[in-house]
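Engineer: One line per chain: the protein sequences are V and U, in this order. For the first sequence, the numbering used here begins at 1 and goes up steadily by one. For the second sequence, the numbering used here begins at 112 and goes up steadily by one.
Worth double-checking, as some hints may not be accurate.
Unchecked claim - Among the chain U residues that face chain V by a calculated CB cut under 7 Å, a handful are: (1) Gly154; (2) Leu155; (3) Tyr210; (4) Lys211; (5) Phe214; (6) Ala216; (7) Gly217.
Calculated directly from the structure, the hints in this document are not laboratory data. Since this is a predicted model, take the numbers as computed values, not measurements. Backbone N, C-alpha and C define an ideal beta-carbon position, used for all residues, glycine too.
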Amino acid sequence: AAGVIQSPRHLIKEKRETATLKCYPIPRHDTVYWYQQGPGQDPQFLISFYEKMQSDKGSIPDRFSAQQFSDYHSELNMSSLELGDSALYFCASSSGALSLHFGNGTRLTVT
Amino acid sequence: AQSVTQPDIHITVSEGASLELRCNYSYGATPYLFWYVQSPGQGLQLLLKYFSGDTLVQGIKGFEAEFKRSQSSFNLRKPSVHWSDAAEYFCAVGAPNDYKLSFGAGTTVTVRA
Numbered sequence: 001a002a003g004v005i006q007s008p009r010h011l012i013k014e015k016r017e018t019a020t021l022k023c024y025p026i027p028r029h030d031t032v033y034w035y036q037q038g039p040g041q042d043p044q045f046l047i048s049f050y051e052k053m054q055s056d057k058g059s060i061p062d063r064f065s066a067q068q069f070s071d072y073h074s075e076l077n078m079s080s081l082e083l084g085d086s087a088l089y090f091c092a093s094s095s096g097a098l099s100l101h102f103g104n105g106t107r108l109t110v111t
Numbered sequence: 112a113q114s115v116t117q118p119d120i121h122i123t124v125s126e127g128a129s130l131e132l133r134c135n136y137s138y139g140a141t142p143y144l145f146w147y148v149q150s151p152g153q154g155l156q157l158l159l160k161y162f163s164g165d166t167l168v169q170g171i172k173g174f175e176a177e178f179k180r181s182q183s184s185f186n187l188r189k190p191s192v193h194w195s196d197a198a199e200y201f202c203a204v205g206a207p208n209d210y211k212l213s214f215g216a217g218t219t220v221t222v223r224a
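Excised from the complex, chain U in its bound form (with noise of 0.2 Å):
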């Protein structure tokens, strides 16, 4: 069974600072990794996805990604937040061709001036 868990529930960065969400997934073969940003009481916006090829993905929003097969690891950093960048991220893994999801807890960002 696919699972993915987001150690830091919580992380404050400073406006300007970079920013690392981790990321770890548990699948038996190469998965496809996804990252979401959700605002509250908003729907869910793909940042980035990884399904194969070169293991550093560029995303909207100025974010990237990068996956480490051995360290079954999906980390999401941007080198400079902004004050927008406030809200919840959530890893995904799924099967290749299948988007039945899951999910990670999520990490809450919260952007301090």
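Next comes chain V alone, as it looks inside the complex (with noise of 0.2 Å):
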């Protein structure tokens, strides 16, 4: 079966640089899930999106934003990354039908 699809799976940014992680739901998904998971950390909801639109915000700093495209995949966008931006960051999809799935995650590393 389809599972969620996030690209790339590593990457590496030197600060103040922009990042762009991609995420592309399983089919006929419409609601995407961004997280972000720190070393040694649980996952925090970033910010997610329902039929392209966005649908709720968490902890997400101003320095990210993201949207969810006609196809549904989703992008999210980092500037001038930090140290702390260093993360796991995880993308999740679901139909609203009681199934929520993650993606195996993007690590991203600011040196």
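Join these two chains into a complex; the hints should help.
Structural biologist: Printed below as a string of structure tokens:
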């Protein structure tokens, strides 16, 4: 069965650079969630989209933005990267039918 | 606001022994409850979930969890642990029909031979 695809799997950036993470939800899933998991931390909700509109927002820095496109894939854009942004970024998708599926994450390292 | 507490940061268990991981949640109504497992550097794999109905939930890999409303708990159990169960386990809570989950801090399980 198709799963949530995240790309890239690993990303290394320098401070003050910009990064774009991509998420391809399971086909026919209309909702996407982004989570950030710092080293040794639990995942923290960042932002979600339903039918291409932002549906909820968590502890997402103003330097970060995200959107969901017409094909339902989503991108998380991070600017002015800081060392503290180094984390595993998860995307999850759901169809609202009592299911939530996580991708394998993108590991971002900021040097 | 919803929150989850996993009181045990680290548990060591012998292979073949039983395992119980504790999870207490805070939520005003009947929550959606989840247990996820994460191997190092890997994604989150859903073990089981509770939405309603039977309070004893069966999951994958031989895991089960019991929802106890009176104790605000959703403890995870496995009768006989395998070495491959060594991982970090996260309990999570969400509002009905809302997957903006709040995760607990996680419990790291070490399995000794």
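Engineer: None of the hints should be skipped; say for each whether it holds.
Structural biologist: So, going through the hints one by one against the coordinates:
1. Among the interface hints, the one on Gly154(U) holds; its C-beta lies about 4 Å from the nearest C-beta in chain V, closer than the 7 Å criterion.
2. Taking 7 Å as the C-beta contact cut-off toward chain V, the hint placing Leu155(U) at the interface holds, the least distance being around 4 Å.
3. Taking 7 Å as the C-beta contact cut-off toward chain V, the hint placing Tyr210(U) at the interface holds, the least distance being around 5 Å.
4. Because the beta carbon of Lys211(U) sits about 5 Å from the nearest beta carbon in chain V, less than 7 Å, this interface hint is met.
5. With its C-beta approaching chain V no nearer than about 4 Å, Phe214(U) sits inside the 7 Å limit, and its interface hint holds.
6. Look at Ala216(U): its Cβ gets to within about 5 Å of chain V, closer than 7 Å, so that hint holds up.
7. Interface restraint check: Gly217(U) against chain V, minimum CB-CB distance 6 Å, threshold 7 Å, status holds.
Violated hints are absent here; each numbered hint is respected by the structure.
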